[in-house]
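Student: Could you slot chain B onto chain A? The hints should help.
Going down the list, the sequences are from chains A and B. At position 277 of the first sequence the residue is numbered 276 (numbering that gives the first Met the number 0), and the sequence of numbers has no breaks. At position 166 of the second sequence the residue is numbered 165 (numbering that gives the first Met the number 0), and the sequence of numbers has no breaks.
No wet-lab data here; the hints were simulated from the structure. Computed from a predicted structure; not experimentally measured. Even glycine gets a Cβ: it sits at the ideal position worked out from N, Cα and C. Be aware that a few hints might be false.
[To be verified] Non-contacting residues of chain A with respect to chain B, defined by C-beta distances greater than 12 Å in every case (computed): (1) Asp19; (2) Ser65; (3) Lys77; (4) Leu85; (5) Gly90; (6) Ile93; (7) Phe95; (8) Ile159; (9) Asp162; (10) Tyr172; (11) Phe221; (12) Asn262.
[To be verified] Simulated crosslink set (BS3-like; lysine-lysine; CA at most 25 Å straight-line): (13) Lys276/A - Lys77/A; (14) Lys307/A - Lys228/A; (15) Lys148/B - Lys273/A; (16) Lys77/A - Lys52/A; (17) Lys117/B - Lys17/A; (18) Lys148/B - Lys276/A; (19) Lys273/A - Lys77/A; (20) Lys52/A - Lys70/A; (21) Lys12/B - Lys117/A; (22) Lys306/A - Lys228/A; (23) Lys52/A - Lys276/A; (24) Lys12/B - Lys120/A; (25) Lys273/A - Lys70/A; (26) Lys117/B - Lys306/A; (27) Lys115/B - Lys17/A; (28) Lys276/A - Lys70/A; (29) Lys120/A - Lys228/A; (30) Lys52/A - Lys148/B; (31) Lys52/A - Lys307/A.
[As the list claims (entries may be wrong)] Derived, one-sided and incomplete: chain A residues facing chain B with beta-carbon distance under 10 Å: (32) Leu25; (33) Ile34; (34) Ile110; (35) Phe127; (36) Trp183; (37) Glu206; (38) Gln290.
Given next are the chains, with one letter for each unit.
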Amino acid sequence: MSTKIERSKIRKRIHWRKQDTELTLLALPTFIWYILFSFLPMFGMIIAFKNFKISGNFISNVLNSSWVGFKNFEFLFKSNDAWIILRNTIGYNIIFIILGIVLPVMFAIMISLLHSRKASKVYQTMMFLPYFLSWVVVSAVGWAFFSFDKGILNQFLVGIGHDAVNWYMEPQYWPYILIFLNIWKSIGYGMIIYLATITGIDSTYYEAAVIDGASIWQQTRFITLPMLKMVIVMMFILSVGRIFYTDFGLFYQVTRDSNSLYNVATTVDVLVYKQLKTATVGMASAAAFVQSMLGCITILSANWIVKKIDSESAMI
Amino acid sequence: MAKTPTYQSGLEKFNRTSNGINALFTLIFILLAIACVVPVIVVLSISLTDESYIRETGYSIFPTALSGDAYSYIAKQGTMILRALGVSLLVTVVGTILGVLLTTTMGYVISRPAYKLKNFLTWVVFIPMVFNGGLVSSYFINTNFLGLKNSVWALILPLAVSSFNVIICKTFFRSTIPDGLIESAEIDGASQFRTFFSIILPISLPVLATIGLFLCFGYWNDWFQSMLYIDNQNLYSLQALLNSLMSNADALARNSISMGISFAELVATMPKESARMAVAILIVLPVACAYPFFQRYFITGLTIGAVKG
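Okay, chain A solo, but in the shape it has when bound (with noise of 0.2 Å):
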């Protein structure tokens, strides 16, 4: 008897409802989007290990190109250019994600100091401008700057007596300029990041700290700052979880694509989209597959770590 009832019920469970098949239209649109924009391209990631010609229908190009095993690879990682494009990627990755944690939690708690709210918060507002500039607009400000002829900042140089400076020749001066600009730009949403979490710390905490006697400073660093370690150690996993991907606008608008600052400004993502344009497909799509697999690698182990430290973070 019982044995029935519940078989009953497994099989009313199973039952598909008129509601799954209004669901399941109400997502196919969306569906579809993700097979054609998501997930064929991650079969066609095939052509990396293949010699594949441009011309022609996609399909039929995949199918009748030879295979070629790791030939495109081995092409890639041959070229002296591979390592300096890894150096350049993790590299800046490494100084961005430091200065990208350091300083927004600083002005964070600086601001969140500072005696008058409505002051706070226009200052605020203008540091997030940054954020909704493209990276488009951004080169257009940069080359007021840095012009060589019209510049600003060459008006100065040779309005104090120095000599002109070919900016977009010189590639020494390009990593300061690249971090300045990176930090520039992000640095009013990670400011308020870590002020959404210390505006909602409860206030009693510094209430009894300021019972027992302690500075400003003994209740940043007591309170405050671990207050904030939580997310600190998730915005530094995500972030080292993106570590083979870089700003593309970052590194290829800004610097205008100058030859002369090839070997600073040039990542995986700027040599990926160079080589696609000047049609060498095979070591595009390794250098592209490279990336993706490793991306892959990171992002799972970034979020295997949250998951260790703080089950609710993760995102699986």
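Tutor: Chain B in isolation, oriented as in the chain A frame:
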């Protein structure tokens, strides 16, 4: 950000930084804030500076020899700029509406606990977050297979859905909409379409606004899709136009040749430098004016993403 009391308690007044420190911090933030808005000022002042002055002295942070030539040039002869403005507006509007629809429907469907394909579709949404096909194969799928080269859809479709937004939607529907509400609609005989469009969407305005704004600013600011897929100058968005003007300011004259003047003459008389910055102003000004009003929604979206809840 959220809780800012309008009054300050006595304890709060007692427990604050000394006036000296406050003044120092204020100074630092004033400088930082200025550094962050300087670009808009520079671009605006160049666009308003007289062309011959720029040619002689160069760019300057503050407008010196004021002139509206660039803007009157755009108004008179800027067919190309006006068309680019049209493309940008079209892509932003259509893309945002399409993106919001695709994102929220999927978010709603995978938020229904009893739905049979829930797990399957959740994986469909999740996998692209950790793994993607990369630029090269996406490019070939989009151009050779889907035929999006030199089509305005190439600017719209690839950016319409992001798994991140779908997850935000799913979390929102799951946590704020009571199951009872949906069940009662089901009992009353409403189809899932009806439930979604006339019950769920109207009470989900905060998440619609958050996602809509991210999409809207994303489309307006996008230049990469144009760089990849658009060669036809008639389909240039404002961003793509500015991009090509940065490498060749003469391009602006190309479309005006039919006006009866020779190309060389046009290039010589055109306010190249200031017109190019005027295009940048067309891009930046709407954004700079709009975002302070919507900051709340961006902050919600960003903090959900980073801190999750």
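Student: Hints first: check each against the structure and report whether it holds.
Tutor: Here is how each hint holds up against the structure:
no. : hint                : verdict
1   : Asp19               : violated, 5 Å
2   : Ser65               : holds, 17 Å
3   : Lys77               : holds, 19 Å
4   : Leu85               : holds, 16 Å
5   : Gly90               : holds, 22 Å
6   : Ile93               : holds, 20 Å
7   : Phe95               : holds, 16 Å
8   : Ile159              : holds, 15 Å
9   : Asp162              : holds, 16 Å
10  : Tyr172              : holds, 18 Å
11  : Phe221              : holds, 14 Å
12  : Asn262              : holds, 22 Å
13  : Lys276/A - Lys77/A  : holds, 21 Å
14  : Lys307/A - Lys228/A : holds, 15 Å
15  : Lys148/B - Lys273/A : holds, 18 Å
16  : Lys77/A - Lys52/A   : holds, 22 Å
17  : Lys117/B - Lys17/A  : holds, 15 Å
18  : Lys148/B - Lys276/A : holds, 14 Å
19  : Lys273/A - Lys77/A  : holds, 18 Å
20  : Lys52/A - Lys70/A   : holds, 15 Å
21  : Lys12/B - Lys117/A  : holds, 16 Å
22  : Lys306/A - Lys228/A : holds, 16 Å
23  : Lys52/A - Lys276/A  : holds, 14 Å
24  : Lys12/B - Lys120/A  : holds, 19 Å
25  : Lys273/A - Lys70/A  : holds, 20 Å
26  : Lys117/B - Lys306/A : holds, 23 Å
27  : Lys115/B - Lys17/A  : holds, 11 Å
28  : Lys276/A - Lys70/A  : holds, 20 Å
29  : Lys120/A - Lys228/A : holds, 24 Å
30  : Lys52/A - Lys148/B  : holds, 17 Å
31  : Lys52/A - Lys307/A  : violated, 46 Å
32  : Leu25               : holds, 5 Å
33  : Ile34               : holds, 8 Å
34  : Ile110              : holds, 6 Å
35  : Phe127              : holds, 7 Å
36  : Trp183              : holds, 7 Å
37  : Glu206              : holds, 6 Å
38  : Gln290              : holds, 6 Å
When held up to the earlier numbered hints, the structure conflicts with 1, 31 and fits the remainder.
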